[in-house]
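Protein chains: 4
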Amino acid sequence: MNYVEKAVCLRRALHKIPELGWGEFCTTAKIIENLEPLGWKLYVGRQQISEEAVMGRSEEFVQKSIERALSEGVDKALIERMEGYTGCVAEFDTGRPGPVTALRFDIDCVGVEETDRKDHLPNLEGFRSQHEGAMHSCGHDGHTAVGLSVAQWIMDHKDELNGRIKLIFQPAEEGVRGGAAQAASGLLDDVNYLLGAHLAMMCKTGEVCIYPGGVLCTTKLDVRLKGKPAHPTMSPQLGRNALACACTIVSELLGMARHGNGLGCINVGLMQAGECRNVIPVHASIQLEVRGETAEINDFMVDQANRIVKGTALAYDVEYEVEKVGEAGELLNDPELADLVKEVSEKVPSCRKVIDHKKLGCSEDFTMLAARVRAVGGKTEFFVIGADRTAAHHQREFDFDEKGLETAFDIFTGCLRRLNGK
Amino acid sequence: MNYVEKAVCLRRALHKIPELGWGEFCTTAKIIENLEPLGWKLYVGRQQISEEAVMGRSEEFVQKSIERALSEGVDKALIERMEGYTGCVAEFDTGRPGPVTALRFDIDCVGVEETDRKDHLPNLEGFRSQHEGAMHSCGHDGHTAVGLSVAQWIMDHKDELNGRIKLIFQPAEEGVRGGAAQAASGLLDDVNYLLGAHLAMMCKTGEVCIYPGGVLCTTKLDVRLKGKPAHPTMSPQLGRNALACACTIVSELLGMARHGNGLGCINVGLMQAGECRNVIPVHASIQLEVRGETAEINDFMVDQANRIVKGTALAYDVEYEVEKVGEAGELLNDPELADLVKEVSEKVPSCRKVIDHKKLGCSEDFTMLAARVRAVGGKTEFFVIGADRTAAHHQREFDFDEKGLETAFDIFTGCLRRLNGK
Amino acid sequence: MNYVEKAVCLRRALHKIPELGWGEFCTTAKIIENLEPLGWKLYVGRQQISEEAVMGRSEEFVQKSIERALSEGVDKALIERMEGYTGCVAEFDTGRPGPVTALRFDIDCVGVEETDRKDHLPNLEGFRSQHEGAMHSCGHDGHTAVGLSVAQWIMDHKDELNGRIKLIFQPAEEGVRGGAAQAASGLLDDVNYLLGAHLAMMCKTGEVCIYPGGVLCTTKLDVRLKGKPAHPTMSPQLGRNALACACTIVSELLGMARHGNGLGCINVGLMQAGECRNVIPVHASIQLEVRGETAEINDFMVDQANRIVKGTALAYDVEYEVEKVGEAGELLNDPELADLVKEVSEKVPSCRKVIDHKKLGCSEDFTMLAARVRAVGGKTEFFVIGADRTAAHHQREFDFDEKGLETAFDIFTGCLRRLNGK
Amino acid sequence: MNYVEKAVCLRRALHKIPELGWGEFCTTAKIIENLEPLGWKLYVGRQQISEEAVMGRSEEFVQKSIERALSEGVDKALIERMEGYTGCVAEFDTGRPGPVTALRFDIDCVGVEETDRKDHLPNLEGFRSQHEGAMHSCGHDGHTAVGLSVAQWIMDHKDELNGRIKLIFQPAEEGVRGGAAQAASGLLDDVNYLLGAHLAMMCKTGEVCIYPGGVLCTTKLDVRLKGKPAHPTMSPQLGRNALACACTIVSELLGMARHGNGLGCINVGLMQAGECRNVIPVHASIQLEVRGETAEINDFMVDQANRIVKGTALAYDVEYEVEKVGEAGELLNDPELADLVKEVSEKVPSCRKVIDHKKLGCSEDFTMLAARVRAVGGKTEFFVIGADRTAAHHQREFDFDEKGLETAFDIFTGCLRRLNGK
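Here the protein sequences line up with chains E, A, D and Z, keeping their order. Take any residue in the first sequence, note its place counting from 1, add 111, and you have its number in this note's numbering. Take any residue in the second sequence, note its place counting from 1, add 111, and you have its number in this note's numbering. Take any residue in the third sequence, note its place counting from 1, add 111, and you have its number in this note's numbering. Take any residue in the fourth sequence, note its place counting from 1, add 111, and you have its number in this note's numbering.
Isolated chain E (complex conformation):
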């Protein structure tokens, strides 16, 4: 079984056990179990996650995920090693001087129930999600599989390589929650080159896009309000209406000033407020996100959101809390490294067409890792590896053409040969 066949195999195995962000215990176990025998040095648990920088992680959800992992036979010692924090960083030192190159693979899934359509490949071939309400409908199973396959290739070719190589298996990319915490671990602070890629997106099988555009900065915020209950007829003056406050906040948020320098967006996606019909509502919570074409714009939106919540809570005399539960920055590819990926891609057999620019319209917390690397002088590049898909990302009918795995494997290893080859 060659590397690509192995990647397909691994992708299908991972597809069966999709796990939502911060709950990837089975997945992380599988990564460890693959890498450790190969001789990779592993950073696990808090070694690779800075707790203070963790966003959008619920202890209750983590416990449930651990329980499920244990019930599915994951080794208890492995779970303990993870210390409640999923993801893993693997390092290999050739012992020879040379650059530090890092490859990043995200590992989590999406909260979608996989389709039961018979013609859906995972159903045809028997690798449908075995976790209810969870599905790899964003292709991260493919990313992880490629990472593991590349890991083996590296060990098989270690005598042909210089410097050091790091493989970043990042948790909780959905909701852009995990990147910041892994970046804050410091494990990337010695990296010279950081590469990452996404499968499919707007590119077809055989296409590679070097400068994906429209990758927006974003911040995800949860707002919680707490007022005071009262009987709305007998003593409304004793109440502090969290629901009314939340509604005004929403109106203000949607009408916030935009920025003249580029696209800025806001969405309030969820609101829950109140206890029952005949009590002045005490609790309200809203989930929102802002996005911006640049960090400046995104920050401008975040600042406004914070000010709106603070001021309006004061107007209604309710307590408030704003929690940042996700964050991604600008995608700034280094031209030199981008050129290298372009050159490598052009020689990859399965790559038919290299596209310079293509608009995606999404956010990626690869940017959080990349910002850390750039901050210490490293170069970063994030590209898209085309793969035909059966439905849009995050849809329950989503599947991608596994030929993309070959393209990915070839580009990553090709780059390693160029960057770390003897």
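Keep in mind the hints are simulated off the structure, nothing from the lab. Hints may be right or wrong, so weigh each one.
Because identical chains cannot be distinguished in the list, a pair is counted as satisfied if it fits within a single copy or across any two copies.
[Claimed, not checked] In silico lysine-lysine, DSS-like type, Cα no more than 27 Å apart, as pairs:
#1 337 <-> 421
#2 127 <-> 533
#3 533 <-> 152
#4 470 <-> 339
#5 187 <-> 339
All values derive from a computational prediction rather than experimental measurement.
Chain E is already provided as a structure; the job is to place chains A, D and Z on it using the hints.
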């Protein structure tokens, strides 16, 4: 065991099996099983409920309630007889000319988990609620028990009575949902006198209040909005934002015009909106109530609410639905009948003090039954029978002094002697 | 010419020169010119107005009013004596021991253009307003005229009186602006009895109402917001939108919590915002009033309004200013003094009917003077002296039956005889 | 005096008599008086303005403007000929076959008071605005002057030209109000080439920009609401609150959905609402504009605005009116004609630099004329002729380098030679 002892017994039995409105299958079964052997003619199911006038009833909840009733041993034949509609009207014809007098007892409970404090009487005496999250914390167990006790007294004294007597066991008083449907059955259209009472409220043991004030008209509305999903950055123009619409509706509702002729209130108690953070929200629902000192004021508030929802849905291009899920009218006691209750009360041994007016600050769908009776020329009276209580109504520590049952029994039977006595 | 004929004469003369609050220079001059020759000790200008407590007074308007007064021939020395502050307090000391009784008459007019209907008495009899856009359509011309007539009566009967008598000619009652400043002068701090009355209102000729109801506490607020301009397309991020902030404030104000203890109202009557279509709006101003059945309720509304403005200004990052431009309190009549007015009224020939209670639905800053008097132990009473009217108060067709002047004169002098008679 | 000297002269004369849109009676008279003697065929008044398509024109303002024009000595016969509609289209037929070429010059000014700084050229040279509150601070005086100078050149060179030439002197460009009405006159329906230009903008003296970017589509809307008055305490139920409705409309407008395909903006620049503090507000008016990168986006914003007003007026039960008072479309230059302008410009002595693309960030109703021409198969081009400026456009210190007039004259005549030369 005398009548009052029996009422206490029944009350405690009923207290153990509290059922929320439209789900009172155990309770209705108990009523039927008590009355039928005594010779009462019973109207059950759709005989006593007009389906078109039913408010705030969910088929799913009804099915669950039926299943629980069956699992608790309620006779399947009885359940079938109820046709999915709880409550019951019992009629006795003396065969002699005379007025038709109706007594109304409400039978449902409140969605509150009963306290586990040891000094709480139901805990001490072992009649705590056996239904999780449900509790007779409004005293309707007492009302029903008195009704059943009075039913027996009537049969025991049937030779001393003239005319006809109807006992109205009304479902779903909480949320003022059941009165209108029972009224619309037409079973009260021949009633000359309608009496109803509430235990405790603002009155202490030994007190009776003849003209409870501050009983407000009210209408409960559920609003449901449906927009269209869209990616908030890629194609926000395709979305129709139900959450934003709901927030504007709430702001408009709270700011609606009040009425110069008296008190008008509005509360939006609950809101749920949106699906996830990064999709333009598709669904929103809000639960609200308006109240008015008079029907004119209440109607004015309802009209505004409907107009606000309709117009604002148009402004946001979302679909809307307004459902009336509860309604109660003005409490208009007939002076002549009120005088009679007063005279009777003054002679009741356990009654220490008859109070003419006392403000309650609540709503009662007795008023829906009363309106029907008044419409055909009958007279109606709703009074309060005092009973010390351990906590406010609807609190989980609520309990009432069972001496109030005696007062209630004596007044109801006293009135029957006056109105239907030979 | 008897006192009442003189009052009619004076009323018509005053009707020709109506002046809006804080601009009553002609009116004040007329009062001074009437009283001084009679021997009254006069407090003028800052002697009777505490500058810090002045509300709703614009220096620009005052200057224009002074210019007009001068142009109409008012003595320049008199104007200088007024120091820019209209109104006047007159005091007479009998030299004999006895109580201090104060009578209050308000002197300002309404900003309404008087009708030109031919059958309107002021047109028929030639005493139509000579001041464009200003009219005594609230009857204060009558109040002032009665005050002057009573002043003469007092001097004519000074040997029959004991104690001291004060006549309070109050400016700026409309908008309830002047009472507080005159009260704060301290001139009422020795008053034992304070009487005031309003002509017409809901009472017909011959009626007197002793306890006018529905006289609400009120506070008038002006809100001014200041943001920052910006081009709405090129650089909206530089703007701070005062118009948007004002709109949110209005929504919040109208939806503020009401009070369970009684009527509380809010009205935002005026808003002006923005500079031109294509600039982010910099300025916004709104004029609002709250009212409350009690001081507690009114204060609750005011507190909310202040909090709403403060918090929302913060949310929008705009500067704000809230100015109190008017204030009136609860009308609390002293039963003993009310009884005296009632007894006196019953003997007045032109009084056909004494009414105890009647709802007015207005506000009166007599209450500000009364609060000061009550604070030092004095007793106060405000009553209504009926007079048929041709249109509602503040309408341009308003006129009142001058027979009310006789009733008023007789009641005031009758009370003086009772309170200060030898 | 050569053509350019004449243009400078004319520009200064026009600068002294700036007139706001639809009030350019002096200006139009001056144009007529210049062109008619030269032999141009003139279309005046309704000949060149389609009344139904007129936007943002107030009859009252027009009358005042006419009165001023008459008072300043404009010939009454000329005024009558204008029929209340300013602007003018001049046509010259060479009698020889050839294309129809139209040049467009806008003639109105801005509502700004000209600076009194001594170093401001119009002050130094004595051609400061003589109309209070009005100023040519957008350079349209220069446009008109160039047009008149070109008109003379055409007549001086008529034997060297073929086809027909039309000069479009357009009123009311500010607020993008006049273009649509002049287009609807049909006078451009036979035009093969339409050229227009703006002085200064972001380009310096000597620069010419062929494809100005960021010229946004826009629609200007006036919204008027009418409610019903009521006393806010006595009978609020009778009121219909136009102010409250306007505030909700503003919140909804600012929060309207944006478009995924490009920039869309909204600004509510002005709001006036209410009559006085203590009456439920009856009237409210707001002035707003939307802009869009494309017509699709602009239309999407306009549709939302209309829907928001309609729905919210319904919610508040107030009457509404939405008037379109200005409109401009996408700037779509024809590449062939643009190339011609580019070539001509490159040969113009005063032109140092031809710029292909430069972002302006404004709107232009040249686009309305251009759309008409394109609709019948004509080609259009709008370019920018650089000129140093002393302040931003629409500022009171604005002035432009008159050397730009030479560049403009040379380009326009150069293009005519190319398009209509023998």
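Right, here's what the structure says about each hint:
1. 337 <-> 421: both (13 Å within a copy, 19 Å between copies)
2. 127 <-> 533: neither (39 Å within a copy, 79 Å between copies)
3. 533 <-> 152: Cα proximity of residue 533 and residue 152: one copy only (22 Å, versus 84 Å across).
4. 470 <-> 339: between (47 Å within a copy, 24 Å between copies)
5. 187 <-> 339: Answer is neither; intra-copy 45 Å and inter-copy 46 Å both fail.
Against the hints set out earlier in the document, violations occur for numbers 2 and 5.
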